[in-house]
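Enquirer: Residues per chain, in single letters:
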Amino acid sequence: MRNWLGILAIGAALLGGGSVARADDPVFNLTIQNHKFSPEVLEVPAGVKIKLLVKNLDATPEEFESNELHREKVVPAGQEVPIFIGPLEAGTYPFFGDFNPKTAQGKIVAK
Amino acid sequence: MGGKYVIMIGIAFITFREVLEAALVVTLVLAASKGTPRRGRWVAGGVACGIAGASIVAALAAEISALLEGVGQEVFNACVLFIAVAMLSWHNIWMGRHGKEMAAEAARLGSQVLSGGRPLYALSIAVGIAVLREGSELVLFLDGLVAAGNGADLGPGMLLGLVCGIALGGVIYFGLLRIPTRHLFRVTGWMILLLAAGMAAQGAAFLTQADYLPALGNRLWDTSAILSENSIPGQILHVLVGYVAQPSGIQLVFYAATILVVGILMRIFGNAGPTVSRAATAALLFWAGAATLHPARADFQVRSPTVEYQEIEFEHNGDTTFDRRNSGMSNDQSYTFSIGYGVTPWWKTELEAETAAPPGENLKFDATTWENTFQITETGEYWADLGFFFEYSHAHQHGDPESVTFGPLVQKEIGSTLHTFNFLLDKDMGSGASDGTGLELAWQSLWRINQYASPGIEYYGEIDDLGHPGKLSQQQHRVGPVVVGAVAFPPNGKIKYEVGYLFGLTNATERGAVRWKFEYEAHF
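These protein sequences, in sequence, are chains L and V. In case it helps, numbering that gives the first Met the number 0 puts the first sequence at residues 0 to 110. In case it helps, numbering that gives the first Met the number 0 puts the second sequence at residues 0 to 523.
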């Protein structure tokens, strides 16, 4: 039993320690207003972990979703949530608002 | 003169189609109830009530349509169809219970006459509903023709259509009768199940039209080029198996759900499983003692540490094993159904019903489980994503212990691959509890090349008691390929699936197992 606990402890340490210090992650802002994203095209550096701050200015919740980025996260009305993506290879990664897919569309371009 | 002839043929064809749909249901019911005395009376009564009902419905068509803000017609049709589904399902479940007795009795008596008792009223209601639906559609259509001034031509066309529809139904009936009695119940049981599933899908389509249900994708595929629903074979398939050339997502969900739920209820309430020989029983007890310390087997599923806030999900997990006959490890089945909800952005809770059929036994309701997933780190923020899982399981089978299972869930994304690892401890409690703490390991690596279907590899391991892990050959370890995918219908949610095959790696593990997961999730 002791051996297993030891392995768990090492695992937890690895998870916490193995990352880049959070202060270094570049931050990009995305706004949701009138069921549309702004900006609709967001340029980010490739090969680096990115912190997206998505702020929902509408009165209804929206869900930031992207199959290419493998993320789906609800952004409640009036709130700002962080979404970590990357490191991304150079390319275009479309995203959309799952609750208003017709109007909420955008893409992230990694260069 | 030629014009009138064409109109008559048109009327005949429409009448034929509607009559055929009702006739197929009558045919199937008659074949399924062959040998039961007075069934003819019940079916005829159903038909008569259906015809009377059809006239009433047609007369009140305008009023019904105006109900519920204009969608009364659709809701009425859907309700009536779901009642028919319930009647047909009830009949099938009843047959599952008593079918073997009846077939045995028929063989013993050497005659075709069987004792009554089967719920003929259920079949009668289903027949009545089929006739009512088709009849009311037909009456409305014909009324429209009369109003348009073509009344004089109704008679001959209707008669022709009626005769042809009943004739074709009769041909199919006598075809079904050629099946030997011992197989007839099973075959018609399946056909009735598919008939019910098709009706459930039809009901779902009406509710979509009424805007009570989301379509989940209007046209998942289009096979009208191969077989049009308007053709005669297409029409027959439409009634018998629920064939739809352009199905919507919700129709597929209702179709599959009806087959799954009714099929499993038929098994649970079904009678006598396969007889087990004495040698097999002995082998069973030996393996039960050697390989497992507690009756419940681990699910084959890899859990993710990610919680989706305000998302409701309906999930079904199933698996079945394959091994040499009489090893006591073959045909070990498990089916679970759960409803889950993301209560906060970091806590998802689920209630699950577990049913299982150990080798040689019937399907039983094993346990009710309360599962909780806690997302501890923000996805992608650290080197890996961490979550915590905790479940409490209440056993329903007499003598089975309660149990808790808990442990970390870890997930890491590397480029386009996703790796998930579960390390869960489980402990029995209460009466029948074994002393040790068990370990359940699960691992999945996916190569996410396509959102609809991505390949991967999985591993599952089980050690019954960490305090006495025993030799590797006494533990259960499995590995195998898996396909994972999802189909989304924004903003109406998505359907996710996983299907895999697992190869047993040790002596205490079955040779092979198939496992699957189907899930519908949506924002709520």
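Read the hints as simulated data drawn from the structure, not as lab findings. Accuracy of the hints is not assured; some may be wrong.
[Claimed, not checked] Partial list, computed: chain V residues near chain L (C-beta under 10 Å):
{"hint": "1", "residue": "Thr305"}
{"hint": "2", "residue": "Glu307"}
{"hint": "3", "residue": "Thr335"}
{"hint": "4", "residue": "Ser337"}
{"hint": "5", "residue": "Gly341"}
{"hint": "6", "residue": "Thr378"}
{"hint": "7", "residue": "Gly379"}
{"hint": "8", "residue": "Glu380"}
{"hint": "9", "residue": "Gly414"}
{"hint": "10", "residue": "Ala485"}
{"hint": "11", "residue": "Ala487"}
{"hint": "12", "residue": "Pro490"}
{"hint": "13", "residue": "Lys493"}
Yeah, the Cβ is synthetic: ideal placement off N, Cα and C, and Gly gets one too.
Enquirer: May I ask you to test the interface hint for Ala487 of chain V with respect to chain L, counting a Cβ-Cβ separation under 10 Å as satisfied?
Expert: holds, 8 Å
Enquirer: Using 10 Å as the Cβ threshold, decide whether Ser337 of chain V counts as touching chain L.
Expert: Constraint on Ser337 of chain V not satisfied, violated at 20 Å.
Enquirer: Verify the interface restraint on Gly341 of chain V: the C-beta must sit less than 10 Å from at least one C-beta of chain L.
Expert: Since the shortest Cβ distance to chain L is 8 Å, the answer is holds.
Enquirer: Would you settle whether the hint for Lys493 of chain V is holds or violated, based on the nearest Cβ-Cβ distance to chain L being less than 10 Å?
Expert: holds, 9 Å
Enquirer: Restraint: Thr335 of chain V near chain L, CB-CB cut 10 Å. Satisfied or not?
Expert: Thr335 of chain V check fails; min Cβ-Cβ to chain L is 24 Å, beyond 10 Å.
Enquirer: Was the hint right that Ala485 of chain V lines chain L, CB cutoff 10 Å?
Expert: Holds. Min distance 9 Å.
Enquirer: Do the numbers back the hint for Gly414 of chain V, that is, is its least Cβ distance to chain L under 10 Å?
Expert: OK, holds: Gly414 of chain V within 10 Å of chain L, min 8 Å.
Enquirer: For the hint on Thr305 of chain V, just tell me whether its beta-carbon gets within less than 10 Å of chain L.
Expert: Result: holds, 9 Å to nearest chain L Cβ.
Enquirer: Does Pro490 of chain V meet its interface restraint, that is, does its C-beta lie within less than 10 Å of any C-beta in chain L?
Expert: Where the cut-off is 10 Å and the nearest Cβ of chain L is about 5 Å from Pro490 of chain V, the hint holds.
Enquirer: With 10 Å as the cut and Cβ atoms as the points, is Glu380 of chain V at the interface with chain L?
Expert: holds, 5 Å
Enquirer: Classify the hint on Thr378 of chain V as holds or violated, based on whether any CB of chain L lies nearer than 10 Å to its CB.
Expert: holds, 6 Å
Enquirer: Using the nearest Cβ pair, does Glu307 of chain V come within less than 10 Å of chain L?
Expert: holds, 7 Å
When held up to the earlier numbered hints, the structure conflicts with 3, 4 and fits the remainder.
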